[in-house]
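J.: Sequence:
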Amino acid sequence: MKRLLITILFLSAVLPLPAQLYHPGEQLFYRVSYKAKMFPNTEVGAVEVKTSDSEIAGRKYYKVEGIGRTLPTYRWFFNLEDIYTVWIDPETKRPVRFESDLHEGDYTFQSYYNYDWENNQVFTRWRRRQKPYQEKTMPLTPESMDAIALFFTMRGSDADSFKPGEPATLQMVLQDTIRHLSYRFINRETKKIRNMGKFKTLKFECQLGTTEGFSFTDGTVFTLWISDDENKIPLYIESPVRVGSINAYISGYKGLKYPMTSLIK
Numbered sequence: 001m002k003r004l005l006i007t008i009l010f011l012s013a014v015l016p017l018p019a020q021l022y023h024p025g026e027q028l029f030y031r032v033s034y035k036a037k038m039f040p041n042t043e044v045g046a047v048e049v050k051t052s053d054s055e056i057a058g059r060k061y062y063k064v065e066g067i068g069r070t071l072p073t074y075r076w077f078f079n080l081e082d083i084y085t086v087w088i089d090p091e092t093k094r095p096v097r098f099e100s101d102l103h104e105g106d107y108t109f110q111s112y113y114n115y116d117w118e119n120n121q122v123f124t125r126w127r128r129r130q131k132p133y134q135e136k137t138m139p140l141t142p143e144s145m146d147a148i149a150l151f152f153t154m155r156g157s158d159a160d161s162f163k164p165g166e167p168a169t170l171q172m173v174l175q176d177t178i179r180h181l182s183y184r185f186i187n188r189e190t191k192k193i194r195n196m197g198k199f200k201t202l203k204f205e206c207q208l209g210t211t212e213g214f215s216f217t218d219g220t221v222f223t224l225w226i227s228d229d230e231n232k233i234p235l236y237i238e239s240p241v242r243v244g245s246i247n248a249y250i251s252g253y254k255g256l257k258y259p260m261t262s263l264i265k
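All residue numbers for the sequence shown refer to this note's numbering, where the first residue is 1 and numbers rise by one.
Because the hints were derived from the structure by calculation, they are not lab data.
From a predicted model like this one, the values you see are computed outputs, not experimental measurements.
Mixed in with the good hints, there may be bad ones.
Stated by the list, open to error - Quick list of the computed label-pair ranges, beta carbon to beta carbon:
| hint | residue 1 | residue 2 | range |
| --- | --- | --- | --- |
| 1 | VAL241 | ILE56 | 36 to 42 Å |
| 2 | THR261 | LYS163 | 20 to 26 Å |
| 3 | GLY244 | TYR112 | 32 to 38 Å |
| 4 | ARG129 | GLU189 | 41 to 47 Å |
| 5 | GLU230 | THR177 | 30 to 36 Å |
For glycine and all other residues, C-beta sits at the position ideal for the given N, C-alpha and C.
Please model the entire structure based on the sequences and the hints provided.
T.: Dropping the structure here:
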């Protein structure tokens, strides 16, 4: 599984975000499962995304944390604990700082991004294991965000503006490169979620390009279902891998800004 589905959960978005979608106190819970021909659909991990108020050097920000862990039953096989954190300016709704702290077996990775929107650049710093830090400065566009900031952008869009099959592209800052996220709206669909019920959803097909700019020939492909209501939270994500598929699905939520009207009782 590595961090594939955890990262994809933070990619679940596509258009500019209005203020009300950053809602302190909101918590989203997901389960991650793996399925293959000779392997039953088995839950192997859990992800939590939570939003809170924060303060840095006397300034107030929204703080969004994404935490992914292997379930205790499978930690003997592969122990994973990944933490992603982003601070958002409440006025501009743009990310100002991003951190990741990843622990996957004996592999560790840390990264830090500082955004300079006045000069349209981002300073990135990262290291693997205990090796020396590497640094790079890259240009920004209004569409450039980190993975968690991208997670929220679809939630601020107008569902009626989506046109089936119409392609669009956004950019994501990853370490020392800008990756491109291509997406297209498929249709509205009723989706059954394990232990949660049936939901009215908006279905998207997405593809994260390779490090070679706009090349999508061998990038990560995934399908995303978000709730067809004012919350627009990711409900289900499916991504094929070399053997089988990895899925993530909502298992609980707290502190939502709006009623969950997409749930079909």
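J.: Each hint should be assessed against the structure and marked as holding or not.
T.: Evaluation of the provided hints:
1. VAL241 <-> ILE56: 36 to 42 Å: 38 Å, holds
2. THR261 <-> LYS163: 20 to 26 Å: Given range 20 to 26 Å: holds, Cβ gap about 23 Å.
3. GLY244 <-> TYR112: 32 to 38 Å: Given about 34 Å between the Cβ atoms, the range holds.
4. ARG129 <-> GLU189: 41 to 47 Å: Distance hint for ARG129, GLU189 holds at roughly 43 Å.
5. GLU230 <-> THR177: 30 to 36 Å: Once the Cβ atoms are compared, 35 Å apart, the range 30 to 36 Å for THR177 and GLU230 holds.
The earlier numbered hints are all upheld by this structure, with none contradicted.
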